[in-house]
Structure formats: structure tokens, C-alpha cells
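**Q** From just these sequences and the hints, can you work out the full model?
In order, the protein sequence lines correspond to chains A and B.
Taking the numbering used here, I'd label the letters of the first sequence as residues 1 to 96.
Taking the numbering used here, I'd label the letters of the second sequence as residues 1001 to 1209.
Think of the hints as simulated: they come from the structure by calculation, not from any bench.
Note that the Cβ used here is the ideal one computed from N, Cα and C, for glycine as well.
Treat each hint with caution, since some may be false.
Cβ-Cβ distance ranges computed for the label pairs, FRET-style [what the hints assert, rightly or not]: (1) PHE1102/B x ILE83/A: 41 to 47 Å; (2) ALA1137/B x LYS67/A: 30 to 36 Å; (3) LYS63/A x ILE1129/B: 42 to 48 Å; (4) ILE1141/B x ASN28/A: 38 to 44 Å.
Cross-link-like lysine-lysine pairs, in silico, PhoX-like; alpha carbons within 20 Å at most [stated by the list, open to error]: (5) LYS40/A x LYS1198/B; (6) LYS63/A x LYS1205/B; (7) LYS60/A x LYS1148/B; (8) LYS24/A x LYS2/A; (9) LYS2/A x LYS40/A; (10) LYS40/A x LYS1079/B; (11) LYS1087/B x LYS40/A; (12) LYS18/A x LYS63/A; (13) LYS1079/B x LYS1017/B; (14) LYS40/A x LYS67/A; (15) LYS1062/B x LYS40/A; (16) LYS1030/B x LYS1062/B; (17) LYS60/A x LYS1030/B; (18) LYS60/A x LYS1198/B; (19) LYS1204/B x LYS63/A; (20) LYS1198/B x LYS63/A; (21) LYS60/A x LYS1204/B; (22) LYS1002/B x LYS60/A; (23) LYS1205/B x LYS40/A.
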Amino acid sequence: MKLLEEQGRMYGYEITQKVKEITKGELNITEGALYPALHKLEAEGLLDVEVERVDNRLRKYYKLTEKGTTETVNRLAELEEFIKNMQTIVNPKLSY
Amino acid sequence: MKLTVEQIDKIDVVLDKLGLDFLDFKLEIKDHIACEVEEEIEMNQSDFNSAFILVLERWESKLVLTESLLISNKRSFPKIVIDQLFKRFLIYNITLAVSILFGVLIYINFLKDFVNDSLYVNFFNWIFISCFLIFSAFKLIIYFKKIKTSYSYMFNQNFWLFTLYFVFVFLWDTSFMSVLTFLVLIAISPFLMYSFYKHQHFVKKYQLL
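**A** Printed below as a string of C-alpha cells:
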């Protein structure tokens, strides 16, 4: 969702490649995980779909809806809070 | 290097042969495979056929034909399709079973005394007939569009169940059947409407191109 927020709209293969590029190959999203996740977000109304003809074939682009943009902000804030808490647990600052 | 129309058609034919005939799934899987083939050709300077075979090997575990009695007892689907349809069909089957069970309990406890009321029976039957006519019109629209999606498949499955029940009710019409008719109607109708809406929504986007 963060990627879609930054890029505007993306298609499935593009998302897998972008994730690979950002994580320097550390994270590899499989198609079996990506498409169900995208379809779920679409069904929840967080993503909208545009179909376009590109390079002799049809391509399905995903983009965030208004609800999806708000939800991305909320989820990222939740994730940041979670990471902060984890860091506190893993690396606590001792106070005397 | 971008693939030609003929090469894209070849991918399409192979995916059809592998049982991937729902356009809502095939559209993006075909594009994804085509992107991988293009990348393979560019990176390793290989020809289309070798690149396509290599990519298909990578997809083998997701395209392997899998059976699920919950979805169909007649045919199998690629695993990537089954994984996504399973939840949809599970919700449908549970809703149907719970509605019928709930209805039978209501009938036994509250409605048994009204079964001889012809007005009450006729009311259920007329609603059922009206719904059957509406859904038959939906079925014809789907049939003439000739586009197959996972939603049209779900609609067809529910429609035949609805039709079978419709015929059954008019062959063996008793008041208890009328109650059950109404329950089946309540349970199946939302799924029929939802499937039709989603199918039409996809077809509309697809046909704009």
C-alpha cells in the first residue's frame, strides 16, 4: 500500500520487482501471496482497478482509493508504533 | 524485447489448456508471465519458446490442477485459482446450510400452523417465480456476453441450484416446500446478485478496451 501511495498505480509484476529492488533481493513476494492480497484489498474497497492495453496485452493496474489512502496512513502509523515498541523490548534503555 | 501478438496468443492458449479460463484471473497472470518471459529473453538472450518453458516451470506449483469438492465435483482448477475461490465458496456453503437449518427450526416452532393458508403459500411462490425470472434474465445476459469469469461460474452454479429447486417445488408443492423455497431464496439470492454484479463490473472494465 505504501508503494502504491508513492507510485500512484502499479501492476502485479511491477510490484514484485519494486519490492525486490527496494529490499535488494532480500524479500521476494510470490505471485501466490501477492494476488490474493491485492484482490482482498480490492474487495475491501481500499484499491481500485484500471485495465489498459499495453504491449499487445491487457494489464491490470491497482491504485489506492480515497479510503485506501486514509487506511495506508493509519496502518503505517500502527506499524511504526509496533516497530518502536519492538525496539524498546529488544533494546531497552536502562534507567536508574 | 516486447512479445508479439502471436506470442501473447500462445501464452493464452497454454493457460487455457492448463485450466485457467476465468478471465479475471487469466488477465493478470498472462501479463505477469509475459513480463517474466520478456525479462528472461532480455537477460539471457534466449528465444521465446525456451524462455516461456522456463517461466512455466517456475509457475508449475501455482498452476497445478487441484480439485476441491467445495467448489466443483466436475472439474479441477489451477491451485492459484482454488486458493482464492475456496474462501468465497466456503462462506457461500456455510450461509446456505445455516439459512436452511435456521428456517427449518423457525418452521417447526412457529410457522407450522400457517401451512394451510393459501394466501401465505401463494405469497412465497410468487416471490420465488419473480426472482426466478429476474435471475433467468441475468443468466441470458451472462451467456450472450461470452466472457467467463470466476463470478459468472459462481452465478451459474447458484443459478442451476436455484432452477433445480424451482422445478422441484412445482413438481412437489407442499406448504413445507414453500417455506423452504423462501429460505433457499433468501440464502441464494444475495450470492446470485453479488456474482452478477461483480461479473458485469469486470466485463464493463474489460470491454472498454
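**Q** Of the hints stated earlier, which fail here?
**A** Nothing - there is no hint that the structure violates, so all of them hold.
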